[in-house]
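If you're matching them up, the sequences are chains D and G in order. In terms of the numbering used here, the first sequence opens at residue 1 and continues consecutively. In terms of the numbering used here, the second sequence opens at residue 1 and continues consecutively.
Read the hints as simulated data drawn from the structure, not as lab findings. A couple of the hints might just be wrong.
Listed below are the simulated EDC-like cross-link pairs for lysine to aspartate or glutamate, each with C-alpha atoms no more than 20 Å apart in a straight line [unchecked claim]: (1) K10(G) with D224(D); (2) K10(G) with D54(G); (3) K198(G) with D122(G); (4) K198(G) with D164(G); (5) K227(G) with E197(G); (6) K105(D) with E14(G); (7) K47(D) with D15(G); (8) K132(D) with D224(D); (9) K105(D) with D200(G); (10) K132(D) with D54(G); (11) K198(G) with D176(D).
Residue strings, one per chain:
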Amino acid sequence: MARPRFEVRAQTGFTVMAVLTFGLLYLPIMTLVVYAFNDNDSIAIWKGFSLRWFRSAWNNQLVVEASIRSFQIAAAAAVLATVAATMAALATTRVTRPYRGLTFKYAFINQPLMVPEIVTAVALLIFFSRIKMWTGYTGLGYLIVAHTAFCIPFAYLPIRARLESMDLSLETAAADLYATPWNTFRRVTLPLLWPGILAGLMLAFVISLDDVVITEFVKSGGQDTLPTYMLGQFRRIVTPEINAISTVFLLLSIAIVTIFFFVSRKRA
Amino acid sequence: MATAGEIAEKAGREDVRRRWLLSTPALAIIFFAGIGPLFIVLVYSFLAPGSYGDVKWQFSTDAWVGVVLQRDIFDGTISIADAHLQIFLRSVTLSLATTVLTLIFGFPTAYFIATRPENRRDIWLFLITIPFWTNLLIRTFAMMEVLRNEGLVNGLLRFLHIIDQPIQFMYTDFAVLVGMVYVFLPLMVLPLFASMEKLDFRLVEAGYDLYATRFQVLRRVIIPLVKPGIIAGSILVFIPSLGAYVTPRVMGGGTNLMIGNLIELQFGQGRNWPLGAALSMTLMAIVMIALLFYVRNAGRNQGSGHG
Chain D
1 MARPRFEVRA QTGFTVMAVL TFGLLYLPIM TLVVYAFNDN DSIAIWKGFS
51 LRWFRSAWNN QLVVEASIRS FQIAAAAAVL ATVAATMAAL ATTRVTRPYR
101 GLTFKYAFIN QPLMVPEIVT AVALLIFFSR IKMWTGYTGL GYLIVAHTAF
151 CIPFAYLPIR ARLESMDLSL ETAAADLYAT PWNTFRRVTL PLLWPGILAG
201 LMLAFVISLD DVVITEFVKS GGQDTLPTYM LGQFRRIVTP EINAISTVFL
251 LLSIAIVTIF FFVSRKRA
Chain G
1 MATAGEIAEK AGREDVRRRW LLSTPALAII FFAGIGPLFI VLVYSFLAPG
51 SYGDVKWQFS TDAWVGVVLQ RDIFDGTISI ADAHLQIFLR SVTLSLATTV
101 LTLIFGFPTA YFIATRPENR RDIWLFLITI PFWTNLLIRT FAMMEVLRNE
151 GLVNGLLRFL HIIDQPIQFM YTDFAVLVGM VYVFLPLMVL PLFASMEKLD
201 FRLVEAGYDL YATRFQVLRR VIIPLVKPGI IAGSILVFIP SLGAYVTPRV
251 MGGGTNLMIG NLIELQFGQG RNWPLGAALS MTLMAIVMIA LLFYVRNAGR
301 NQGSGHG
């Protein structure tokens, strides 16, 4: 009894489900973007095409300030996290002789990924409110430190992956040719590692930019970032201004992801 | 004169010292703003609540008792804290449901991507990655647009004259579930794809040629081979679902709480920091158990790979 050949690629049931999934994944985002152009005071009913909500967001002092703050924090945290993660990656990869404490380091670096965000948020709220009381300092420093901590594992991943694909022979050769360790690092390791560092930096930046929960708990009064500002708006009547902000935010994320995608693809 | 062995030994020690020095900044930052504060939470869970938030420095196990029990403020009788248990139960149920649903949608999707020609796989993968890196709040808000009374679903149903009055989807457990499935789906697809990509599809064909039915091929060949991906994806979805805060807050509208919202309440209106601390530690313990389960299973799968 002959049966038709099994076509791995043409499993209709799976294909239908997959196409449905992609549809469901993009439908809400598309709706959100379309309604950003709605010429109506409420997000409910479509009235016509307009750019007024983009203008309105642009002229909203709170939105502008929150955006600037988001960028400041994300830039500072991404740079700090990437520097720390690069050093940590150099320390934990290409180990010729495994040493005690290596597993401990892995666990430590990945800790922010394992503890639920809300728990870290609460812990930092308690800890930082004490420090705020003792020192009187209420600046952006707290948010930057908190963001740096949870960005480190994200920055670490691509840098470590890149390092592990590089063998030590070039560095050994440089050392044999009397290069100092610093020169070896600067002239050999760093240029080779650069794509990994760039990818780590971008991941950290996006992760920091997206954070809601930890920021919501750590921020002092008047320190809203764009996501916490938006979260606050959901308590009120939502206007298409939120759609407009989301759309711009979305485009930014897509731009960063696209760059990241091509940077990491070149590697492979 | 030092022997070669001694020199190598010394160089090795030097290397280890240099490696510790290099990792210090990362470890210090994570200790300061990650691990260290968790110990403070642990300490706080054994203190008494202050009148206006914060704590009184006296030892008390009330907070831990309060996680599961409650004392009646009038007659002092003790009973099970129904409200807390209900929220715990809802969190676990919704998280499990989220995991199962993301698996149902994610599995065929990962299969579909893995079976595309190699040069097109990246494009499909890219389409999964975009929502993954899009702000979670924005994605939750997008789902709200679809489900609200004047939203896409109700609009469509009314246009088709299936309903006259909008169905109240928002601010229900259903809305929270849909929101969580939506935001956590990429977390399921990515590890599943990673497993599926390595799957040798000739085995699938071989199974079919040997007169296995489609279902048997799925159950006996594909699922066992991609099991590490299924477990990794399930853990990656289950853990953030359990600790979810934003999605239940936005989709549940303050009434359909999950553990994350219950914790927040203790630091806001509830003003019971020790109880909030004890609830946080409870949540962390559940997550750690789930992680241990994962590590044990992952270890076993790797072991059986050789057998």
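Hint by hint, here is what the structure shows:
no.	hint	verdict
1	K10(G) with D224(D)	violated (52 Å)
2	K10(G) with D54(G)	violated (51 Å)
3	K198(G) with D122(G)	holds (15 Å)
4	K198(G) with D164(G)	violated (50 Å)
5	K227(G) with E197(G)	holds (13 Å)
6	K105(D) with E14(G)	holds (18 Å)
7	K47(D) with D15(G)	violated (68 Å)
8	K132(D) with D224(D)	holds (17 Å)
9	K105(D) with D200(G)	violated (35 Å)
10	K132(D) with D54(G)	holds (13 Å)
11	K198(G) with D176(D)	violated (40 Å)
This entry does not satisfy hints 1, 2, 4, 7, 9, 11, going by the numbered hints stated previously.
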